[in-house]
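Visitor: Throw the hints in and build the complete structure from the sequences for me.
Below, each chain spelled out in residue letters.
There are 2 protein chains.
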Amino acid sequence: MVRAAVIAAVLAFAAASGVARAEEGMWTFDNFPAAAVKAKYGVTIDQPWLDRVRGAAVRLSTGCSASVVSGQGLVLTNHHCASDCIQSLSTAKLDLTRAGYSAVARRDEKACPGMQAEILISISDVTARVSNAFVGKTGRDYVRARDAEVAAVEKEACAGKEATQRCQVLTLYQGGQYKLYTYRKYADVRLVFAPEFQMAFFGGDPDNFNFPRYDLDFSFVRLYENGQPATTPAHLGWNPGAPKAGEPVFVAGNPGSTQRQLTTEQLVSLRDFALPNTLLQLSELRGRYVGYAQLGPEQARLVNHELFSIENSFKAFRGQFQTLLDDRFIAAKRTADAALKAKVAADPALARDIGDPWVEIARAQAPRAALYDAFTLVEGRAGYGSNLYAYARTLVRGAQERAKPNGERLPEFTDSRLPLVEKNLLDAEPVTPGIERLDIEFWLTKVREYLTADAPETKALLGRDSPEAIARRLTASKLADPAVRRALWTGGLAAVQASTDPMIRYVLQTDPVARVLRQRYESEVSGPTDRAAEAIARARFAAYGASVYPDATFSLRLSYGAVEGWTFNGKTVEPFTRLGGLFERATGQPPFDLPQRWLDAKGRLDLDTVFDIASSNDIIGGNSGSPLIDAQGRVVGAIFDGNIHSLGGAYGYDPVLNRAVAVSTAAITEALVKVYDNQALVKELTGG
Amino acid sequence: MVRAAVIAAVLAFAAASGVARAEEGMWTFDNFPAAAVKAKYGVTIDQPWLDRVRGAAVRLSTGCSASVVSGQGLVLTNHHCASDCIQSLSTAKLDLTRAGYSAVARRDEKACPGMQAEILISISDVTARVSNAFVGKTGRDYVRARDAEVAAVEKEACAGKEATQRCQVLTLYQGGQYKLYTYRKYADVRLVFAPEFQMAFFGGDPDNFNFPRYDLDFSFVRLYENGQPATTPAHLGWNPGAPKAGEPVFVAGNPGSTQRQLTTEQLVSLRDFALPNTLLQLSELRGRYVGYAQLGPEQARLVNHELFSIENSFKAFRGQFQTLLDDRFIAAKRTADAALKAKVAADPALARDIGDPWVEIARAQAPRAALYDAFTLVEGRAGYGSNLYAYARTLVRGAQERAKPNGERLPEFTDSRLPLVEKNLLDAEPVTPGIERLDIEFWLTKVREYLTADAPETKALLGRDSPEAIARRLTASKLADPAVRRALWTGGLAAVQASTDPMIRYVLQTDPVARVLRQRYESEVSGPTDRAAEAIARARFAAYGASVYPDATFSLRLSYGAVEGWTFNGKTVEPFTRLGGLFERATGQPPFDLPQRWLDAKGRLDLDTVFDIASSNDIIGGNSGSPLIDAQGRVVGAIFDGNIHSLGGAYGYDPVLNRAVAVSTAAITEALVKVYDNQALVKELTGG
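Listed in order, the protein sequences are those of chains A and B. Going by the working numbering, the first sequence opens with residue 93, and the numbers climb by one from there. Going by the working numbering, the second sequence opens with residue 93, and the numbers climb by one from there.
By construction, these hints were calculated from the structure, which means they are not laboratory data. Heads up, some of the hints might be wrong.
When chains are identical, the list treats them as one kind, so a pair holds in a single copy or across two.
Think about it this way: if two alpha-carbon atoms lie no more than 30 Å apart in a straight line, the pair counts; the simulated DSS-like pairs of lysine-lysine are [said to hold, decoys possible]:
1. Lys551 x Lys694
2. Lys663 x Lys551
3. Lys775 x Lys570
4. Lys407 x Lys551
5. Lys515 x Lys496
Computed from a prediction, not measured in an experiment: that's the story for all the values here.
Guide: This is how it looks when you write it as structure tokens:
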């Protein structure tokens with residue numbers, strides 16, 4: 093279903109100038125097409141509007157978006173963006189995932205481990221400085237020179253302000269631009285309110301990415317500083333009414349990743365090995381997690397968040413994969429590539445400057461295919477979700493890297509990144525031995541399966557042991573204890589090397605193989621690819637000017653659109669669902685069952701209240717929790733999903749079918765008032 | 093790795109005449125290219141040779157091949173072809189899978205439930221008769237007329253001989269030929285000998301489809317008639333010595349299915365939805381089974397055979413999928429299609445006769461895509477392995493169909509098929525409630541996921557229930573008891589309709605949806621496709637004569653080749669492994685651990701004994717258990733696998749890389765003598 097639509101979008105893109113059409117575009121705040129919005133909707137988006145929205149838009153370090161909705165640092169996001177926190181704060185006796193959570197007073201607001209909130213306060217262009225650093229370099233030298241310069245820029249920019257700011261150099265347009273984004277950061281984020289998981293994810297995996305939808309997928313957290321609610325640069329007004337069909341709406345958030353500007357050869361590689369192998373592995377892991385959940389209710393509780401994450405990723409990647417399997421889509425992409433190449437060829441000076449980066453990228457695909465499984469399994473996905481493994485790798489690599497000058501470290505351990513690395517490492521989070529064992533066993537089994545038993549990497553990771561025996565042995569690690577982690581982190585390399593913890597020993601012994609793979613990958617794949625992609629970006633700027641937007645990079649973007657349904661195969665889907673529909677869809681059987689509190693409240697509710705909203709905003713994973721904003725800059729919803737057609741959005745946006753899905757402030761307000769009886773929150777939101 | 097090779101093969105096929113080259117070919121016994129063998133190897137394959145081999149070649153109803161190797165009905169096959177039987181005969185206290193089995197006397201030979209052996213005794217051509225029945229018909233009418241005629245032919249041919257014979261009309265060349273195959277059947281097959289699973293499948297899934305290999309994947313069963321060892325039309329001599337490198341060898345067996353003559357559009361459909369959806373589902377099911385196995389040693393035992401089957405299928409399908417993902421492979425197939433079309437176009441009379449079946453097949457791909465998930469999940473894979481569901485469907489459909497005239501029934505319930513249907517239904521086999529529940533729950537979850545919660549099929553199968561609740565309810569069925577099944581089978585429709593068994597009720601209620609899907613699929617997909625494929629087959633005969641072989645159809649074929657390794661990426665793999673290598677590869681950790689009996693026997697063994705053998709014979713799944721035969725017609729091994737390159741063999745054979753893998757009679761003999769101390773078997777085999 094997704095495919096034809098995306099093809100139409102890509103063909104249109106290829107045929108036209110390469111300029112975004114209609115509602116397409118995840119625009120940076122320094123290049124928002126306000127004139128186009130004015131022309132289409134008659135709405136003026138001026139600098140004060142942009143500044144206020146930017147100052148209220150929140151990026152969560154857990155991979156989500158959010159918005160400040162009160163003067164006391166109250167933040168609206170999705171339930172599924174806080175569900176890791178909610179699960180971490182739960183116990184066998186008090187399951188907040190099941191029961192929901194409502195802080196009665198400020199002191200009941202509970203710190204979310206590992207969660208940091210960031211608000212963008214400035215953007216500056218550092219393209220020239222970063223580019224100068226790598227000029228003339230290739231392969232791994234290119235990567236190292238670039239990364240060193242980025243580390244230096246980030247460190248200098250935040251010097252002396254590290255406690256309250258984060259500086260990050262973002263690579264935009266596949267290297268066509270380097271921008272320094274400076275964030276106000278809030279490392280103390282606390283849970284204020286969450287509905288029951290059952291309500292937040294009503295319909296479960298079967299309804300995920302579908303619409304009509306009936307999910308109350310929201311939660312509130314609060315930013316703290318020095319133990320007090322934080323004052324943020326701005327906050328959004330709360331509009332408890334629902335927008336109308338056709339009304340213009342905006343989404344400010346952090347779309348995670350799109351691949352719209354990749355060359356055809358890169359997409360073919362995604363189709364031929366990256367996506368299928370990822371999906372097949374996720375699928376088996378999903379089965380193993382389902383098996384774990386069926387061991388009993390407590391195991392089901394413990395695995396709930398991870399299982400949701402796996403199923404959500406699986407469905408999203410599967411939609412992407414189906415798009416790439418369509419030969420017409422690939423053909424359309426080839427046409428788009430050819431159009432840009434023709435423009436370059438028509439300009440001799442540009443052609444001399446650009447060379448043939450398409451061929452360079454095509455050439456990198458063979459080593460990419462050869463290295464893909466080893467690189468992903470031994471480096472990228474090492475440990476396959478095991479927290480103990482991740483802690484150990486952070487401790488081992490962190491100790492090794494911190495001993496080096498800032499510019500020579502792996503990028504994830506440069507000075508500008510260390511505060512968040514530390515927070516993630518040292519915050520207390522529950523660790524479940526059974527799940528750890530499952531993860532490690534699965535990981536090592538897949539290493540052996542995909543690389544074969546005789547591969548040197550397999551031998552390095554397994555020796556003469558079985559995955560089962562190693563997983564048993566490593567799960568005896570004491571790294572679940574934050575004090576143990578802190579001692580090793582502060583003790584540095586000497587402490588790590590002296591450690592007898594089995595997981596630390598294992599990583600010390602096996603990590604060199606992963607580092608070698610990473611270096612090879614940088615030399616043969618990412619170095620040549622990044623360098624060529626930067627040339628293609630220059631070609632694109634020369635051909636199409638600044639009227640293009642960069643692929644998503646989990647950085648702040650603004651998209652515009654309208655409250656709008658769609659028509660597919662002759663069937664029209666309205667842009668709204670209403671509370672009454674929830675009760676009609678409920679069967680009493682999971683995942684279509686309702687909490688008793690909701691069944692009891694039915695008579696009190698206005699069943700005509702708008703529940704979930706479809707809109708034509710261009711969004712993707714990472715936008716979860718983003719505010720849906722009306723023309724007046726007030727929040728009217730929180731994005732939590734896209735429709736099934738939106739899954740092809742990774743490769744192209746289709747204005748006819750691609751829809752974002754949000755939970756309305758109207759439904760949230762109705763629920764807070766009539767179901768959860770939380771007048772304090774309503775008062776804070778409405779300022780009433 | 094597989095891909096480049098297969099492309100070379102397909103390109104060669106396209107460029108040349110369409111005639112099989114070198115060792116390519118799964119030849120029927122009535123069209124074996126003896127002259128080519130004579131020319132290449134100087135070996136004479138005459139009619140007596142063919143007759144003797146055919147008379148000793150066994151098809152097992154469990155999807156495998158085998159051969160008679162003594163005058164007392166002793167049959168050599170793979171361990172994995174008898175492992176379902178071995179597991180069925182095991183209990184928590186006596187695990188024959190783990191311990192192996194050796195019948196001390198004839199009375200210890202144990203009947204294998206559901207296993208029937210069949211030996212081909214004659215082939216006759218019924219193409220004209222079947223074709224006349226459907227001439228001028230289309231869609232579902234075409235399917236019904238054809239199937240009715242097939243049912244009539246089969247019934248007439250075996251009339252009065254049903255107790256000892258099975259008559260089957262085989263569709264060859266995608267409908268280009270209909271041949272009546274008459275088999276001598278043996279419904280009483282008993283287990284004689286099996287080594288430990290650990291030895292049979294040493295290296296487990298990681299080593300599956302790899303070579304060098306060290307698997308003792310054999311077992312012996314015996315055919316019985318009237319309680320006595322059966323006399324078969326022929327048997328093969330046992331050569332306890334290993335063949336030499338380069339020596340010509342033959343494989344007589346029943347390759348299950350190849351897709352070498354499909355059109356490009358059909359292959360693209362396999363690539364775009366059939367294979368990925370199959371693989372993704374298998375992958376999750378695998379994870380769930382692994383989870384079940386980890387519940388405890390008894391659960392691991394109970395699930396062992398099924399988990400092997402899933403992992404084996406997964407690896408095979410994945411290899412096929414990777415082949416189809418290569419655009420060069422698809423392009424080569426298009427070239428091959430175009431070459432045949434050009435030949436048709438060059439012959440006006442032929443062109444008038446043939447029409448454009450390629451377009452007809454292309455047109456059937458859209459409904460195929462639209463129906464695929466519903467058809468496979470609700471009809472083809474209904475129950476997803478649940479024995480209780482399968483019993484119930486056989487009982488419900490069997491009762492409904494037997495009430496109709498023979499020619500109007502579903503093909504699987506025509507008179508010629510009923511004896512085997514009955515045997516499978518009524519033989520006692522253990523049923524494990526936990527696995528039944530897993531299967532049904534998985535099945536219904538995937539129905540809901542792939543078809544969506546709102547699809548009419550999902551509503552028909554789930555109502556307002558959850559998959560979990562239905563699985564719980566249905567597992568209370570009493571159909572695990574063979575007496576209950578027998579009563580319902582003999583009671584017919586009245587008994588079935590009166591049954592209160594929850595599984596019978598469920599199938600009675602939901603089966604109409606499946607039947608409707610099947611009819612739609614026949615009307616819109618398989619009817620038009622089969623009719624067009626028959627026209628393409630006629631085109632191929634006209635263009636290339638009889639020098640082509642039909643795609644595999646789990647019917648008896650003979651392939652020739654030589655004992656031969658291969659060279660890939662500059663690395664040469666020898667065609668033999670030896671017993672000594674087994675001990676070198678053993679780590680002591682599963683699946684690379686050895687039974688104590690083997691560790692103890694090491695000093696007694698001739699470690700130079702040839703263990704496993706690679707040869708260039710063209711084989712595929714279904715050939716498992718096939719005898720590897722020397723020029724003198726003596727068995728020298730049992731095929732149990734192919735190398736990794738052979739997985740693309742579904743779509744094309746590559747003489748450079750595609751290799752069959754067999755366990756040698758030399759290793760079997762050495763093991764029987766020195767490890768298992770089974771002199772009686774050795775004596776029977778060698779006639780000594």
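Visitor: Now, for every hint given, state plainly whether the structure supports it.
Guide: Here is what the structure says about each hint:
For the homomeric pair Lys551 and Lys694, the shortest alpha-carbon distance between copies (25 Å) is at most 30 Å, but the shortest distance inside one copy (60 Å) is not. In this assembly of identical chains, the alpha carbons of Lys663 and Lys551 lie at most 30 Å apart only when taken from different copies (20 Å versus 55 Å within one copy). Taking identical chains as interchangeable, the C-alpha atoms of Lys775 and Lys570 are never at most 30 Å apart, the minima being 46 Å within one chain and 60 Å between chains. Proximity of Lys407 and Lys551 under a CA criterion of 30 Å is satisfied inter-copy only: 21 Å between copies versus 33 Å inside one chain copy.
Within a single copy, Lys515 and Lys496 get their C-alpha atoms as close as 21 Å, which meets the 30 Å cut-off; across copies the closest is 73 Å, which misses it.
Of the numbered hints given earlier, the model fails hint 3 alone.
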